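*Asks:* Chains as they are written, first to last, in numbering that gives the first Met the number 0: chain E, 0 to 728; chain G, 0 to 155.
Treat each hint with caution, since some may be false.
As the list claims (entries may be wrong) - Keeping only pairs whose Cα atoms sit at most 25 Å apart, straight-line, the calculated BS3-like set for lysine-lysine is:
1) E:Lys648 x E:Lys612
2) G:Lys143 x E:Lys201
3) G:Lys143 x E:Lys612
4) E:Lys177 x E:Lys144
5) E:Lys238 x E:Lys412
6) E:Lys209 x E:Lys412
Stated by the list, open to error - Selected chain G positions facing chain E (in silico; Cβ < 8 Å):
7) Leu30
8) Gly53
9) Cys98
10) Phe100
11) Gly139
12) Lys143
Hints in this document: simulated from the structure, not taken from any laboratory. Note that the coordinates shown come from a computational prediction; the quantities given were computed from them, not determined experimentally. Even for Gly, the Cβ is constructed at its ideal location relative to N, Cα and C.
Now for the letters of each chain:
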Amino acid sequence: MEIDRRGFLQLAVMAGAGVAFGATGCAVLKPQASPATAALAPDAFLEIDSAGQVTVWISRQEMGQGVRTALPMIVAEELDADWSAIRIIQAPLGEQYGAQRTGGSLSIRELFEPLRKTGATARAMLLQAAADEWGVDVSTLTTEKGRVLHRESGHEITYGALAGRAAMLPIPADVSLKDPAGFRIIGRSMPRIDGPDIVTGKAEFGLDRKIPGMQYASFERCTVIGGRLRSVNSDQAMKIDGVRAVIPIDGTAISHIMSWANGVAVIADSSWAAMKGREALDIEWDEGGNARLNQNEIVAALEERAASAGVVTRNDGDFELTRAGADREITSDYIAPYLSHSPLETMNCTVDVRPDGCEIWAPCQFPNIARTLAERITGLPPAQVQVHITLMGGGFGRRIYADFVGEAVLISKASGSPIQLLWSREDDTRHGFYRPLSHHRMTATLRSDGSVIGWRHRMSGPSRDALSGPDVETPERSEVYAANEFPYSVPNVRVEFNHHYVPIPCGPWRAVAYSQTGFVVESFIDELATASGIDPVTFRMRLLENGQTFTNNETVVDPARMSRVLALAARESEWFSRPLARPRGRGVAVTTDHGACVAHVAEVHVDPAGAIKVTRFVSAIDCGMVVNPDTVAAQVEGSIAFALSATLKSEITIEKGRVVQSSYADYDVIRMGEMPAVEVHIIPSGEAPGGVGEPPVPGVAAAVVNAVFAATGKRARRLPVRTDALAMH
Amino acid sequence: MPVISLTVNGTEEQIEISDDIPLLWVLRDRLGLLGTKYGCGVGVCGSCTIHVEGRAVRSCMTAAAGLAGSRVVTIEGLASSGDLHPLQQAWLDEDVSQCGFCQPGQLMTAAALLAENHQPSDEDIDEAMAEIVCRCGTYGRIRKAIHRAAGSGASS
Chain E
0 MEIDRRGFLQ
10 LAVMAGAGVA
20 FGATGCAVLK
30 PQASPATAAL
40 APDAFLEIDS
50 AGQVTVWISR
60 QEMGQGVRTA
70 LPMIVAEELD
80 ADWSAIRIIQ
90 APLGEQYGAQ
100 RTGGSLSIRE
110 LFEPLRKTGA
120 TARAMLLQAA
130 ADEWGVDVST
140 LTTEKGRVLH
150 RESGHEITYG
160 ALAGRAAMLP
170 IPADVSLKDP
180 AGFRIIGRSM
190 PRIDGPDIVT
200 GKAEFGLDRK
210 IPGMQYASFE
220 RCTVIGGRLR
230 SVNSDQAMKI
240 DGVRAVIPID
250 GTAISHIMSW
260 ANGVAVIADS
270 SWAAMKGREA
280 LDIEWDEGGN
290 ARLNQNEIVA
300 ALEERAASAG
310 VVTRNDGDFE
320 LTRAGADREI
330 TSDYIAPYLS
340 HSPLETMNCT
350 VDVRPDGCEI
360 WAPCQFPNIA
370 RTLAERITGL
380 PPAQVQVHIT
390 LMGGGFGRRI
400 YADFVGEAVL
410 ISKASGSPIQ
420 LLWSREDDTR
430 HGFYRPLSHH
440 RMTATLRSDG
450 SVIGWRHRMS
460 GPSRDALSGP
470 DVETPERSEV
480 YAANEFPYSV
490 PNVRVEFNHH
500 YVPIPCGPWR
510 AVAYSQTGFV
520 VESFIDELAT
530 ASGIDPVTFR
540 MRLLENGQTF
550 TNNETVVDPA
560 RMSRVLALAA
570 RESEWFSRPL
580 ARPRGRGVAV
590 TTDHGACVAH
600 VAEVHVDPAG
610 AIKVTRFVSA
620 IDCGMVVNPD
630 TVAAQVEGSI
640 AFALSATLKS
650 EITIEKGRVV
660 QSSYADYDVI
670 RMGEMPAVEV
680 HIIPSGEAPG
690 GVGEPPVPGV
700 AAAVVNAVFA
710 ATGKRARRLP
720 VRTDALAMH
Chain G
0 MPVISLTVNG
10 TEEQIEISDD
20 IPLLWVLRDR
30 LGLLGTKYGC
40 GVGVCGSCTI
50 HVEGRAVRSC
60 MTAAAGLAGS
70 RVVTIEGLAS
80 SGDLHPLQQA
90 WLDEDVSQCG
100 FCQPGQLMTA
110 AALLAENHQP
120 SDEDIDEAMA
130 EIVCRCGTYG
140 RIRKAIHRAA
150 GSGASS
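Given these sequences and hints, build the entire structure.
*Replies:* Structure (structure tokens):
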């Protein structure tokens, strides 16, 4: 977030009113402002009014990861506000809020320092105002929970009483930040701000938005990707009570993220009538060539591609040369399937398209993409497109592509009415942007003492970058960076990518390329340990201890940091001190991504029929300085549940060009009885905050697969683990 | 269209209904009770769970037409006269929620469990709560909160 404060005037606004910042950074003054009612607002993120109400604008969107609690904690800390009296407002899309795209486990990483400065700036101005008021030096004053105190005299004054005077002061360019040793809010487990609304049913998600005159839309699309509407008979649909209109829609030319947007929309006076109307449509589809696409053929094509060298993306030393002199060479093939995000709240959007403006309410992660699509569809300039972001019933990366916003805008424009478009669960499962299917041929060369001299990771599969079609210049870019970040100390490392185009839309799934790479790398490393007769933790420690820190794009791979989380997880799980006997077993995985390191130790029990029960996870995380420890623990627990579903239960498969699965009935996720006990250990750190939403995901599958191996001697190389498909080792 | 009478959160409502409209959409679109969520519409996720005559029921799979004269309670009616239900308080004390979308369904299911079984074991909880999906993975905290509300003090 870069906010240029030079040229900012002090701000005086009516209490409770928002602040508009023009392009020059000058504040727009409200005509009736006066010192008595003025509020202090050093930037777009914070306002303290004359009653002392502290308001923080939240510029990243909430999908359960805790930003609506953690971000204001940062401001409140440096401001020395009374945390219990903080009010938050979800910022609509606006230039004054900087980047609002939410994802990549970036929110705290990007906003920690800027929001500290926000709070500290306001505090500095309030202190100066009090100093001026009392005629004392600022150095004699302190702050606490919304008040300024002059210890010597015992004088106290609230921020509210000072706000007007402070608002007249120039905004300081530099302010000093607190010593973290003095933090009273950051580092504490403040309860989730939205908790009370959630438990009473008041929390408003996208599908809860109602706007005046709103109608309800349901959109029937071809289930074959690339299929197009040939004809529709709406006679029966129009007879359904409540149905108002049936409109063919084609948004596929608007953007390559709207490749599902061809079909027929039913507009009705209620959600149910819209769904019923849609069921009554009589449609002929032109399914197109993709109707011949089948899972088996895709996998077979990848297996074939794996036989040849791909584009080389990392090449340390010379892997080929290690083969002749190696005591041992091991090759294993892994497959990670297509995966759906399947959040509980299906895609939806509420839109009012008018000739003079477009107003959007959406549960979306990237509101800028929402606005761009609306601009293209309506022809309106950005200033006339407003985007409000609601709470999201889960995101996981699915709500980055605002295809559902584009569809809603199209439908509202075509129908001439404000509408709410609600996707059914089947729509959500079948018209996604899936984690890409991938094949991994892993080869390693070793000496008899267990030292690894060569590592080759050959990845084959479709690419997220190929959303626009097969002619994408560098399809490996979106897929192989995680493999390039192989952290272990091996002198000869080769990473290759074979792109195989598949028209199924793919997109970022929580942890993105790290999710399938973590499974593959941490499983194969375990295979090498087994082949060498060395304990899996010890094997990894040896490969990390001489490791070099390196940077790939903006990711820092620090083997020493990885060693520390690995050691902590091993100790807390009693890995060495209390071994488990079959049919129980422990497995380990250690990964680094998005600014954090995580080590998981999973414990499983496998019964004689092969049923796997994951009983416990012991997880260690180093995510730098922690804003809210309980949120970190929650993200580890949640990541484990999310990744366990992919490990044990569900995958997306393709038949006749269609996604086979439809709902949690056939794309099932972890349920209460399948959730292991989770112990989270956070490494105390004074380093800059890292990410937390994604880092605990990548190592989960391997930890479980490795544990199953320890428990049974059988290794799974395809997910989800099917007990009947476990290969004999 | 026939009109049926049912009591929702203590208030008697006269509702005109078409043949097969599920209770879920009557609650959301007719009565403006938005706490009960649409998650799947096919009874496999539990986000739509409410109480009919005190029992946990999937409102997406329950035709409103069959409920004439019934007492329905939704998440909005779980708290009584200003006090949170012990489960709601326990949910806050354990900081259960992440995104929060499934939590009304979780709470209604848990409330029906506790009404029938004051001291559920972990196995009882697993069985009763198996129907309700949480994609954010708050299951461990839900279990703790149920034990807390039950006053047993036990944790898994």
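*Asks:* Please go over all the hints and tell whether each is borne out by the structure.
*Replies:* Consistency of the hints with the structure:
1. The suggested pairing of Lys648 of chain E with Lys612 of chain E holds, with an alpha-carbon distance near 12 Å, which does not exceed 25 Å.
2. Restraint check for Lys143 of chain G and Lys201 of chain E: the C-alpha separation of about 23 Å stays at or below 25 Å, so the hint holds.
3. A C-alpha spacing of about 20 Å is found between Lys143 of chain G and Lys612 of chain E, which places the hinted pair at or below 25 Å, so the restraint holds.
4. Restraint check for Lys177 of chain E and Lys144 of chain E: satisfied, since their Cα atoms lie roughly 15 Å apart, inside the 25 Å limit.
5. The straight-line distance between the Cα atoms of Lys238 of chain E and Lys412 of chain E is roughly 23 Å, inside the 25 Å bound, and the hint therefore holds.
6. This hinted pair checks out: Lys209 of chain E and Lys412 of chain E have alpha carbons roughly 18 Å apart, not beyond 25 Å.
7. At its closest, the beta carbon of Leu30 of chain G sits 12 Å from a beta carbon of chain E; the interface hint therefore is violated under the 8 Å criterion.
8. Nearest Cβ of chain E to the Cβ of Gly53 of chain G: about 18 Å, over the 8 Å cut. The hint is violated.
9. The restraint placing Cys98 of chain G at the interface with chain E holds, with a minimum CB-CB distance near 3 Å, inside the 8 Å limit.
10. Among the interface hints, the one on Phe100 of chain G holds; its C-beta lies about 3 Å from the nearest C-beta in chain E, closer than the 8 Å criterion.
11. Interface restraint check for Gly139 of chain G: the shortest CB-CB distance to chain E comes to about 6 Å, inside 8 Å, so the restraint holds.
12. Interface hint at Lys143 of chain G: violated, since its Cβ lies 11 Å from the closest Cβ of chain E, which is beyond the 8 Å cut-off.
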